[in-house]
Amino acid sequence: MPVIDLATTPLRELNQALHDAAAPGHNDTEFEVLNPKGAHAVAVGVAAPVSIEVKGSVGYYCGGMNEQASITVHGSAGPGVAENMMSGTVVIKGDASQYAGATGRGGLLVIEGNAASRCGISMKGINIVVRGNIGHMSAFMAQSGNLVVLGDAGDALGDSLYEARLFVRGAVKSLGADCIAKEMRPEHLELLEGLLAEAGITDVKPQEFTRYGSARTLYNFNIDNADAY
Amino acid sequence: MCGIVGLFLKDRGLEPQLGALLSGMLVTMTDRGPDSAGIAIYGTPEAGRAKITVQSAEPGAVFPGLQAELAEASGGSATVAVKSTHAVISLDADKVAPVRAALAAMPGLKVMGAGEAVEIFKEVGLPKDVIARFEIAKMTGSHGIGHTRMATESAVTTMGAHPFSTGADQCLVHNGSLSNHNGLRRVLRQKGMTFETENDTEVAAAYLTAEMAGGKNLGQALEGALDDLDGFFTFVVGTKSGFGVVRDPIACKPAVMAETDQYVAFGSEYRALANLPGIETARVWEPEPATVYFWEH
Numbered sequence: 001m002p003v004i005d006l007a008t009t010p011l012r013e014l015n016q017a018l019h020d021a022a023a024p025g026h027n028d029t030e031f032e033v034l035n036p037k038g039a040h041a042v043a044v045g046v047a048a049p050v051s052i053e054v055k056g057s058v059g060y061y062c063g064g065m066n067e068q069a070s071i072t073v074h075g076s077a078g079p080g081v082a083e084n085m086m087s088g089t090v091v092i093k094g095d096a097s098q099y100a101g102a103t104g105r106g107g108l109l110v111i112e113g114n115a116a117s118r119c120g121i122s123m124k125g126i127n128i129v130v131r132g133n134i135g136h137m138s139a140f141m142a143q144s145g146n147l148v149v150l151g152d153a154g155d156a157l158g159d160s161l162y163e164a165r166l167f168v169r170g171a172v173k174s175l176g177a178d179c180i181a182k183e184m185r186p187e188h189l190e191l192l193e194g195l196l197a198e199a200g201i202t203d204v205k206p207q208e209f210t211r212y213g214s215a216r217t218l219y220n221f222n223i224d225n226a227d228a229y
Numbered sequence: 001m002c003g004i005v006g007l008f009l010k011d012r013g014l015e016p017q018l019g020a021l022l023s024g025m026l027v028t029m030t031d032r033g034p035d036s037a038g039i040a041i042y043g044t045p046e047a048g049r050a051k052i053t054v055q056s057a058e059p060g061a062v063f064p065g066l067q068a069e070l071a072e073a074s075g076g077s078a079t080v081a082v083k084s085t086h087a088v089i090s091l092d093a094d095k096v097a098p099v100r101a102a103l104a105a106m107p108g109l110k111v112m113g114a115g116e117a118v119e120i121f122k123e124v125g126l127p128k129d130v131i132a133r134f135e136i137a138k139m140t141g142s143h144g145i146g147h148t149r150m151a152t153e154s155a156v157t158t159m160g161a162h163p164f165s166t167g168a169d170q171c172l173v174h175n176g177s178l179s180n181h182n183g184l185r186r187v188l189r190q191k192g193m194t195f196e197t198e199n200d201t202e203v204a205a206a207y208l209t210a211e212m213a214g215g216k217n218l219g220q221a222l223e224g225a226l227d228d229l230d231g232f233f234t235f236v237v238g239t240k241s242g243f244g245v246v247r248d249p250i251a252c253k254p255a256v257m258a259e260t261d262q263y264v265a266f267g268s269e270y271r272a273l274a275n276l277p278g279i280e281t282a283r284v285w286e287p288e289p290a291t292v293y294f295w296e297h
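Chains A and B supply the protein sequences, listed in that same order. In terms of UniProt numbering, the first sequence opens at residue 1 and continues consecutively. In terms of UniProt numbering, the second sequence opens at residue 1 and continues consecutively.
The hints are simulated quantities; they were obtained by calculation from the structure and are not laboratory data. We treat Cβ as the ideally placed atom computed from N, Cα and C, and that holds for glycine. Please note that a few of the clues may not be correct.
Estimated spans, in silico, between C-beta atoms of each pair [said to hold, decoys possible]:
#, chain 1, residue 1, chain 2, residue 2, range
1, B, E196, A, I180, 44 to 54 Å
2, B, S179, A, A228, 15 to 25 Å
3, B, K138, A, G170, 47 to 57 Å
Chain A stretches covered by chain B per the calculated footprint, using a threshold of three residues with CB under 8 Å from any CB of chain B [said to hold, decoys possible]:
#, region
4, 33-41
5, 74-86
6, 95-102
Turn these sequences into a full structure, and let the hints steer you where they fit.
Structural data, given as structure tokens:
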């Protein structure tokens with residue numbers, strides 16, 4: 001198993017080695033990254049079914065654009081973790097800073113601590129599971145995918161939401177424009193059960209969550225609002 | 001962008017390392033802003049004495065005669081220690097007002113800050129060069145703040161660099177940009193505050209100075225800033241005995257804090273904190289939006 005120590009190896013060498021793993025003839029499937037010390041862009045753009053264990057905290061954009069890889073950060077992550085992820089899994093053992101999982105198109109992002117503001121902003125198909133709380137303006141303009149929060153959500157959750165589903169177990173400080181609580185139907189309980197299992201969470205039940213989604217009142221221009229423009 | 005750092009020591013045993021620790025933190029933040037850099041260090045106050053840090057673009061011409069020129073205004077109490085483009089004037093505390101009046105009349109000199117504890121050094125250039133020029137890494141102290149600048153609101157000049165100091169032993173560093181600084185500057189001028197630059201951050205510093213002069217403590221003044229300042233900001237503020245942090249309600253300017261039994265540390269990014277002693281077991285968190293944090297000795 002390749003062990004890459006960022007105290008002695010430039011970041012570009014790490015990311016190049018991870019990119020090379022997708023090429024034919026490369027057999028390494030497990031990587032370990034030491035001494036990240038908050039470095040930016042750790043394991044960005046990986047496009048192979050490899051497993052990457054990062055031993056420490058990372059800075060901006062860790063796991064960005066991930067495709068297929070399983071990335072675990074044994075620490076906290078800076079802004080934009082797993083931004084625009086396509087597939088695969090990113091697990092953050094600590095906290096995540098702002099806009100975790102932004103614009104993600106697929107895959108699973110698990111944050112075992114708290115996520116800061118704008119978690120899941122403009123998400124487009126990614127699944128995000130946060131064991132702690134999330135900050136304000138989370139899931140802003142979220143288009144599809146699922147955001148699961150075991151703790152509380154901050155102000156303006158789901159503002160201008162499209163078709164993403166939001167499941168919050170704790171309190172929501174306030175809902176954003178056009179975001180409403182919705183009925184939890186059997187298909188949602190089933191979906192949530194699957195997401196929790198995938199995230200390795202066994203101590204909470206789907207019934208403990210409230211589902212939030214779009215009221216769909218912003219989808220079309222309402223002529224009665226013309227005076228506002 | 002800009003990078004800001006701060007370190008408030010709880011363990012006096014670390015005081016000899018304050019300059020070195022803060023220097024390392026600031027150099028790590030270089031790529032957040034390479035235009036200028038500055039640092040404020042709070043040393044141990046000496047009873048009855050005060051310090052004024054001054055800067056000159058022509059130190060070789062201005063500083064050699066400075067002590068003699070200030071002899072009358074300071075009652076013979078002033079001594080001058082030159083560090084590159086800056087000089088720290090040490091004087092009897094009751095002579096600060098006449099000496100500042102004398103300094104104001106001298107062409108080519110700018111006052112960076114004054115107080116019983118604080119020394120402020122800032123210049124255009126990379127943090128590593130600014131730190132080397134002023135030998136910051138050798139400095140001892142109880143707390144300090146630093147800034148590396150990517151200018152947005154005013155020119156890249158020594159006076160536009162942070163920290164900004166607008167009151168005795170007070171200083172502030174800022175990541176962000178204010179949008180109501182021109183109006184607020186007019187209001188503060190009416191209250192008697194004076195300004196050296198057109199910079200937005202200087203207005204924030206002067207606002208806090210005016211609020212504290214009105215009887216608020218640092219925490220209360222920072223609460224007021226949340227209502228009265230419009231724009232983007234993460235501030236780190238130092239006073240003689242205190243250290244405060246506040247972020248605007250949108251909180252898009254990054255901030256990470258760490259606390260151990262030995263210190264409270266602030267960085268724009270975790271990278272700035274990664275080499276501090278005991279960071280592996282520190283409580284590390286992101287300060288909440290619109291929430292005031294402050295510590296006092």
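Do the hints match the structure? See the list:
1. Take B/E196 and A/I180: their Cβ atoms lie about 52 Å apart, and the range 44 to 54 Å holds.
2. Between B/S179 and A/A228 the beta carbon distance is about 24 Å. The supplied range of 15 to 25 Å therefore holds.
3. A hinted range of 47 to 57 Å for the beta carbons of B/K138 and A/G170 is consistent with their spacing of about 50 Å.
4. Counting residues of the region 33-41 of chain A whose C-beta lies closer than 8 Å to any C-beta of chain B gives 3; at least three are required, and the coverage claim holds.
5. Counting residues of the region 74-86 of chain A whose C-beta lies closer than 8 Å to any C-beta of chain B gives 3; at least three are required, and the coverage claim holds.
6. As drawn, the region 95-102 of chain A meets chain B at 3 residues by the rule of a beta-carbon pair under 8 Å; at three or more, the given contact holds.
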